[in-house]
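Peer 1: Residue numbers (the working numbering), protein chains in the order written: chain A, 714 to 1044; chain B, 714 to 1044; chain C, 714 to 1044; chain D, 714 to 1044.
Keep in mind that the hints are not guaranteed to be accurate.
Copies of the same chain look alike in the list, so a pair counts if it fits in one copy or across any two.
[Said to hold, decoys possible] Below, simulated DSSO-like cross-link-like pairs (lysine-lysine); rule was C-alpha separation at most 27 Å, straight line:
| id | residue 1 | residue 2 |
| --- | --- | --- |
| 1 | K929 | K968 |
| 2 | K929 | K727 |
| 3 | K1030 | K740 |
| 4 | K873 | K727 |
| 5 | K929 | K1030 |
| 6 | K727 | K968 |
| 7 | K1030 | K727 |
Hints in this document: simulated from the structure, not taken from any laboratory.
Protein chains: 4
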Amino acid sequence: MQFLSDNAARVHPKVWEAMQAADAPDKPYDGDVWSQRLDAVFSELFGRECAVLWASTGTAANCLALTTLVEPHGGVICHREAHIESDECGAPGFYLHGAKLLLAEGEGAKLSPETIAGVLEGITRGIHQVQAHAISISQVSEYGLAYFPLELQRIGALAKEHGLGLHSDGARFANAVAHLGCSPMEAAGPVDALSFGCTKNGGMDADAIVFFDGEKADLARWRRKRAGHLQSKGRFLAAQILALVESGLWLDNAKAANAAAALVAEGAGERLLFPAQSNELFVRLSPDERAALRAQGFAFYDWDAELVRMVTSWDTKPEEADALGKAIAAL
Amino acid sequence: MQFLSDNAARVHPKVWEAMQAADAPDKPYDGDVWSQRLDAVFSELFGRECAVLWASTGTAANCLALTTLVEPHGGVICHREAHIESDECGAPGFYLHGAKLLLAEGEGAKLSPETIAGVLEGITRGIHQVQAHAISISQVSEYGLAYFPLELQRIGALAKEHGLGLHSDGARFANAVAHLGCSPMEAAGPVDALSFGCTKNGGMDADAIVFFDGEKADLARWRRKRAGHLQSKGRFLAAQILALVESGLWLDNAKAANAAAALVAEGAGERLLFPAQSNELFVRLSPDERAALRAQGFAFYDWDAELVRMVTSWDTKPEEADALGKAIAAL
Amino acid sequence: MQFLSDNAARVHPKVWEAMQAADAPDKPYDGDVWSQRLDAVFSELFGRECAVLWASTGTAANCLALTTLVEPHGGVICHREAHIESDECGAPGFYLHGAKLLLAEGEGAKLSPETIAGVLEGITRGIHQVQAHAISISQVSEYGLAYFPLELQRIGALAKEHGLGLHSDGARFANAVAHLGCSPMEAAGPVDALSFGCTKNGGMDADAIVFFDGEKADLARWRRKRAGHLQSKGRFLAAQILALVESGLWLDNAKAANAAAALVAEGAGERLLFPAQSNELFVRLSPDERAALRAQGFAFYDWDAELVRMVTSWDTKPEEADALGKAIAAL
Amino acid sequence: MQFLSDNAARVHPKVWEAMQAADAPDKPYDGDVWSQRLDAVFSELFGRECAVLWASTGTAANCLALTTLVEPHGGVICHREAHIESDECGAPGFYLHGAKLLLAEGEGAKLSPETIAGVLEGITRGIHQVQAHAISISQVSEYGLAYFPLELQRIGALAKEHGLGLHSDGARFANAVAHLGCSPMEAAGPVDALSFGCTKNGGMDADAIVFFDGEKADLARWRRKRAGHLQSKGRFLAAQILALVESGLWLDNAKAANAAAALVAEGAGERLLFPAQSNELFVRLSPDERAALRAQGFAFYDWDAELVRMVTSWDTKPEEADALGKAIAAL
């Protein structure tokens, strides 16, 4: 019973179907009918005009988005535990040509206007210090916590006040929307660019980069090609994304994953580091307790000496999640 | 009837099967059983120990290979019409941190020891001029011509003499082997790294980077992750490659494409810019002649005022290739 | 008798004086009174508002100027023999984060609207090819030839038409003005940024970067600091530049150097590759002739098998130049 | 009375003399006799063979040194308040092509084997996290504290154990040697490269980069040229360095600066953040106290709400330092 990562989940059957339907000769790169449909589909989803590119990984999606917001001599304010800081092997340094990540604190790996302002206030040495060009948040955060629309509005206002770009790493954006019950636009907030994850949510290898400014999207096209991410048969990536978004499957999948996480969370109770707001849980377990669960067939990730990480996915079986929750409760 | 590009071809049914067989939870990234099998499979194919990484585009494969051979202050000798020079939107500049492409001449977009030596002899200003660190050839060349094993040996000897790395862009390596009738190792020659194309040869979005030096492969792993090319469900890329290589399908597909090209070439006769050595043909056609062929339903690419490019693929129907050849002959 | 390079010339006594006068505690970096005076002095010189930064080498000046005109995924059209292409060890690749130099032809290492247009017309593959963002010319060219104001106007018009930035490498800008007899603004032409050389013209280690757009100058400040070129005692660089520009010494020095070159040119006659338009001459000499001149005490640079390069400077003694001219004539 | 920065000090008369003596035509770049003498002079100073390059700023010296120790995908462990982290506007990100600074803690901005090991222990995610390639310390630290030889040996042993390069930012290396009373080699410790500051110690715009491995020095030569730091009249930089090092002036100047700082420190007593170990002092002063001192003509830098920074230099008059010390004591 697998709770290691949503990366390890299967590809949704409807995604397979869509990919196979796309297996017909068409224009190469992103000239095909599938890729060409993305803008309209996302514009409808967000109720606002946007331009959308596909990318094969979340790291590429995040970095390509940031290239449109940050110059090489600038910096990006992000949380000390943000994925771009600690899990992308320095990819932002590569894509942004040495721009700096400016680290902020915040409970549950979430930024707040206050902690962002703290970073800005520390930039006092003019030309000698890297200046912030953008802010990057994660919806949901690395600890699985969602930003509420009002929080996003406040961060957006701060960004605007300081002339900073705003990016959201939405590798698990669907789980945030499913939890918040708000519209996608409310869950995105006033961002310039959103990495809209699909790979962890039933896709194979396709995430979308949603730009609310067409010029930035056009800039990202050059950077995508230059990074070797413009696939010649891009129709297969577009098809994955469309299969998830057009039918509402993206939200159904996330709801299923969140529901499974809720079942685990119910059993975990006080052991939870944070309340369940998505499909990721951090649970306090001793070595003996971990061993006991593993002996019952549950697989999960050792986060550190105190915590394990448990992740559900679209195809987690409710009975397995329930079993895990009960097994934790019985410890 | 499509002769625009092998990029536009369908994914081979056996590749689909292999991908679906890989749709089971496994270790993420390249820890899965499929990715782990690549080294052994390619070592057997080449009769020599090698370490293999997957990448989702030929541009990424080429650039990741080159990062292991060229320092940022160095240069890569390549043909003036090489793909890395003229079709990758400056990706080598990005991946190599500003290293320079040093352009050489050569009939049919092929380099020779003589034209390479010409570039080396022009580097006379010491510290003021970029020094060559590596040579990159394309097997087959941008005009579809194959390097013969002896040619590769001579270029390899020159590289060794000057302490230069040697890379081969094998986006259509299979077509070269099919044409040459030699072993894969002979068609690769004494290279440090080979981009082994699969996407144009029945795959979906997977090329292999074959390193004949394990340390270089390990270096490339960091660069791949940093470039956002380490897919979390890498098993799907590995499965594509294995489906093509393990069964010999890679060579069968290339033979089929080459055979179709030969049918076209037979009709094109004297109009051919170069003899057919792979699945790419450059044919002299006037605007009226192009229009006449298109009116018969043939699609191809206008290369320039004098030439069109016609490309066959693994799934080109022999009768369509034959029809195109006859239509050209009848002009 | 030294005709190797104007780099080898002495520092002008007035420059020494100015540097020593600047040896008083002042604000560090470019906050001192000397650095602060540059904008006004150059605005007067050019009759147009400009913002000026110092840099310690021509390579740094060129590259910092270009960072304001070219994005990492773009290209710079320059002559195949431009200094930025062949004598800066790939510095533009470093400063521009892998942007590409797009090489154009042209007699005497000069670009023309026609040869520039030729490069632009070759950029036909859209996203797959690096697009031009800027043009860089050298006033005077690598063969010592000056662009006439009308030529600059035509190139500027082309740049404007295509939305390209325009940079001028003026390592020997003073020699161009001295030759043309026009105003500095006419000799600069409609450029966005001009590298205004001082080091070869009586300075020690200071060139000016003249921006005709204050925002670009401010951008270059970040890049200068980031490149380690913001000297803490910048007053010494500013003092050098001011000593040359405020008193007209920059033009006097260049006139002296040009006059010396004219004396050599008179003797060289038909042996000259190009007419003398600055302080650099390329002279056809056989090995025996070179040896004969060297035996008489003349030092110069072997350009290639056919040509030698002879360069005069502000402190070349007229009698030595005359002697060289006569010695050539007597060969 | 100026205690703002050693950057604001005058150039030593003997440095002026040496520069003027170098004002004779010689080979350009670093082919001149002054530049050529550096290796021998420093090899004698350190009692160990070394290869030495000049650079015009400490930022350039640090970054060029680091380019030889860190690959673009790697990281440099340094203190959270290191100059390379907080005062170079991201220059290491530029020079190292996006390599990451990995921040460690430590009293007085000094690293210890323990805090370095803490960073190393936090690198647990393999390919997903940037790996350390080197350690950079500052001798003296940003708070003016010296590393003792034994401390350096322990850090060096750790570096060796983990295969990490070791760099020392010695912008105030002379002050460290003057304080420690040990040999230069002992004060450098087992480093691969040392930035040996001269600009703050009586020079104009020249620091030395001392490599204890000739191959790394040769690598740095390419990077220096490529960064636009290879000055054509490099003899003037070499002359400054030689004037300071050959005669022992570098140590005399540092001793004078340290002695002046000691006079200030005597008066500051308990107000000192750290004991005086060089020419930099951090003194606890309230706004009123600062105003009182400034009213008496003392200039210094407001570090933060609690602290001011006072820096002496080679030409600080002992009576002025004494006066400042007494003025603080009298507060």
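Peer 1: The structure should be examined with respect to each hint, and the outcome stated for every one.
Peer 2: Tested hints:
1. K929 <-> K968: neither (31 Å within a copy, 44 Å between copies)
2. K929 <-> K727: neither (31 Å within a copy, 39 Å between copies)
3. K1030 <-> K740: For K1030 and K740, only the inter-copy Cα distance (19 Å) is at most 27 Å; the intra-copy one is 39 Å.
4. K873 <-> K727: Intra 40 Å, inter 51 Å, cutoff 27 Å: neither.
5. K929 <-> K1030: Neither. Shortest intra-copy (41 Å) and inter-copy (42 Å) distances fail the 27 Å Cα cut-off.
6. K727 <-> K968: For K727 and K968, only the intra-copy Cα distance (17 Å) is at most 27 Å; the inter-copy one is 34 Å.
7. K1030 <-> K727: Within one copy only: 18 Å inside a chain, 30 Å across chains, cut-off 27 Å.
Of the numbered hints given earlier, the model fails hints 1, 2, 4 and 5; all others are met.
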